[in-house]
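Enquirer: Assemble chain B onto chain A, guided by the hints.
Those sequence lines, one after another, are chains A and B. All residue numbers for the first sequence refer to the UniProt record's numbering, where the first residue is 1 and numbers rise by one. All residue numbers for the second sequence refer to the UniProt record's numbering, where the first residue is 1 and numbers rise by one.
Hints are computed from structural coordinates only; laboratory data are not their basis. Heads up, a few of these hints could be off.
Copies of one chain are not kept apart here, so a pair can be met inside one copy or by any two copies together.
[Unchecked claim] Computed cross-link-like contacts, SDA-like style, restricted to lysine to any residue with a CA-CA straight-line distance of at most 25 angstroms:
(1) 203 - 176
(2) 203 - 216
(3) 203 - 172
(4) 203 - 173
(5) 39 - 137
(6) 203 - 163
(7) 203 - 182
(8) 39 - 176
There are 2 protein chains.
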Amino acid sequence: MLEQVRIVLVGTTHPGNVGAAARAMKNMGLADLVLVAPKAGVFPSEEAAARASGADDVLARARVCASLDEAVADCRLVVGASARLRSIPWPVWTPREAAPRLLAEAARGPVAVVFGRERSGLTNRELERCNALLHIPANPAYPSLNLAQAVQVTAYELRMAAQGTPPAEALPEAATAAEVEAFFAHLERALVAIGYLNPAAPKQLMRRLRRLFLRVRLEHDEVSLLRGILTAAERLAPRREP
Amino acid sequence: MLEQVRIVLVGTTHPGNVGAAARAMKNMGLADLVLVAPKAGVFPSEEAAARASGADDVLARARVCASLDEAVADCRLVVGASARLRSIPWPVWTPREAAPRLLAEAARGPVAVVFGRERSGLTNRELERCNALLHIPANPAYPSLNLAQAVQVTAYELRMAAQGTPPAEALPEAATAAEVEAFFAHLERALVAIGYLNPAAPKQLMRRLRRLFLRVRLEHDEVSLLRGILTAAERLAPRREP
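Looking at chain A on its own, in the form it has when it is part of the complex (with noise of 0.2 angstroms):
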């Protein structure tokens, strides 16, 4: 679904951010950009092959439209990127809203994001062209972001959108509560054998102890290495007698 949305960039004047636009575009998984009458030298450009860095299959895919009506006219859903927050009455939507919502209609065919100039951001006029406003939450004292962070940030949730919940990360077996258990025994014996804890009154020591390694949930190699640093610190004890 993420090939099916599009990223259109409106009268961008600096070619750096093209092609830094494409590299968070294709890190993201997307690869449609379209260009809206770029100021001249901008697309194609060196600059913005350079910064592109290994996304130079975007850059080349990359069509060029001389109207905002030309880039969306396929498109079910068009959502326009806006830093200020405009008196027009629009549906204004994070990039966390907008995400699950592109990606629905996406799955029926081309929706667009479309961000303005690096100065003036999208006119009102082309703001009415669109469903919904995007709006990335911002510091409210300095909220302009760079244009391709904006992409950025707008790509990255989409592919969050995209994945749905990450699949738990596999992990290494963890131990069992009996082997903690006789870890605790353990380290509970070495601990007197030593002369750390007073056997009398062991209570609030082991406590805290259970606190922190049952907080980290201790894997089964885990309990076999701090078992054996327990056995070779219970070597060098002096024999008490039982």
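Expert: Chain B alone, transformed into the frame defined by chain A:
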């Protein structure tokens, strides 16, 4: 809380990335930037200032450190970015998973997110200084984000979490990175003293113990407790000639 989240850039080679990272930070409300051993000419530099755009206050406050240890010494939670999923079995968090954890701890003092070199990232040794790894979900065929873009995505998730997360439950005071490193040094000495660790080949064993005790995120009082046990064990060990 966002101002307690430190962004640490290790070995940065492109001045533009420092400036773009500062802008991304300020856009999201972050302010604490530390550079560890940047390449000569990277900072301060005209290119960094130009790319920072209006975020020159973040650059003006940025500090340069000689080592990662120095940069994170006062931090209670340190997360290291890794594009590749390394063989080292550390916990791996997405930015969305890491953000609320960082903010919960930031309520009480500095925390850090560490980003590595543009070409090679963080070394395994540097990652082993961290409590957890940060992995930005990405296209497996092209997973490596530009440095400033990785900072942007992370800072965005921090802002989203700051806006949405209720205040964290009161947690006991975590140990600082410097306290934890001092514990590891003490642990290694004690293991040598009791004859468990061969000082000629300490690597794997200490790495496994680091992984365990960094994963649990030791509290200040727990470090004292564990070091008390180590001191008791050392007292029993036969004196060795230095």
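Enquirer: Would you mind marking each hint as holding or not holding in the structure?
Expert: Evaluated hints:
| no. | hint | in the structure |
| --- | --- | --- |
| 1 | 203 - 176 | within (23 angstroms within a copy, 27 angstroms between copies) |
| 2 | 203 - 216 | both (20 angstroms within a copy, 22 angstroms between copies) |
| 3 | 203 - 172 | between (31 angstroms within a copy, 20 angstroms between copies) |
| 4 | 203 - 173 | between (30 angstroms within a copy, 22 angstroms between copies) |
| 5 | 39 - 137 | neither (28 angstroms within a copy, 33 angstroms between copies) |
| 6 | 203 - 163 | neither (42 angstroms within a copy, 37 angstroms between copies) |
| 7 | 203 - 182 | within (17 angstroms within a copy, 27 angstroms between copies) |
| 8 | 39 - 176 | neither (28 angstroms within a copy, 49 angstroms between copies) |
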